Amino acid sequence: ASFFWDYLRNYAHRRRLAIDNGVTTIRSAGDHYPHIIRLRDKIAAGKLTGPRIFAPGPTITAPGGHPTGTIYKGNRYIVENAVRQIADVNSAREEVRRLVEGGVDCIKAIYSDINPMDIAHKVPRLSLDVLGVLADEAHQHNLRLMVHTGSPKETMNAIKAGADSIEHGILPGGDSTEFEDNLVKMMLDKGTFFVPTLAIAWAYKEAYPAVFSGLKETFKKLHSAGVNVAAGTDSGTPGVVIGKGLHKELELMVEAGISPMEAIIAGTRNAADNLGKASDLGTIEPGKLADIIAVSGDPLKEIRDTREIKLVIKDGKTLVNRINT
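Note that full-length UniProt numbering has the sequence shown beginning at 1, numbered continuously upward.
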């Protein structure tokens, strides 16, 4: 597995990948802890060049659940540093409080029994009671809860429990009426964000073509219904490069049926709103942090022109200037 901290910690050229590709803010979706917090703080203090980071610290999951019993299986170091395995509500509340004291920006939980390494065999999943306590404790500290789900039923349960955003994807399945009506209505009523990470599904489309096509279908349905959609990539995993992955995500959103402007909004204004930082980030307005990028071409006509970065300004400081090149 690859993590933002692990990927960038000792490599100056890699730390610039996000900035060079016009990405000034990034949200880690579960990482080595407290290492990711230290990296975040060094960048914020100007000791390292890189995007500002919003980090939940470790991923919270059930004992033996994803990713502990799947992609991290047998890797004791990663399990100890990047995961918290929670079995009961008291442990859940205590863990959130510890993470709050450690300075995390949000909380990340996995509520899915899908094993990405072996679809036919399910893995343990957090109980709904535990998920509800994670949401309650996070919200008491004004932190948002991001939840990785798989099925429509899991997604509805997660939203009922208090999830602020749904990560990675919701695959069509089961009762289509339930999916189209109940789930969409619930997401609209609660203001839940959907972060589809089409880029990671695209990276594995040869192995799992139905996942990629199903996720695009889900994304289009939810967006058309008015659900809040924010761009995310699962960058750092094989096939999705930090910085470049966002441009691929926007391209895939347009390919799935939304306009280039809507895709750009998903990667800027909506992404900031999903962080709870719409007052500081996401749009160019008086009083907000001065994060600005300029590109050649016209991404409103051709979304791939977002890759043609000419200027990157983060918090008023010019970090990339290719205007005359």
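The hints are simulated quantities; they were obtained by calculation from the structure and are not laboratory data.
Since the structure is predicted, the reported quantities are computational estimates derived from the model, not experimental observations.
Heads up, some of the hints might be wrong.
Here are the computed distance ranges between Cβ atoms for each label pair [what the hints assert, rightly or not]: (1) Arg269 to Gly74: 35 to 45 Å; (2) Gly64 to Glu262: 13 to 23 Å; (3) Ser259 to Ile284: 13 to 23 Å; (4) Glu285 to Leu128: 18 to 28 Å; (5) Glu302 to Gly103: 37 to 47 Å.
Positions of the beta carbon are idealized from the N, C-alpha and C atoms, including for glycine.
Find the hints from earlier in the document that the structure breaks and name them by number, from lowest to highest.
-> 2, 4
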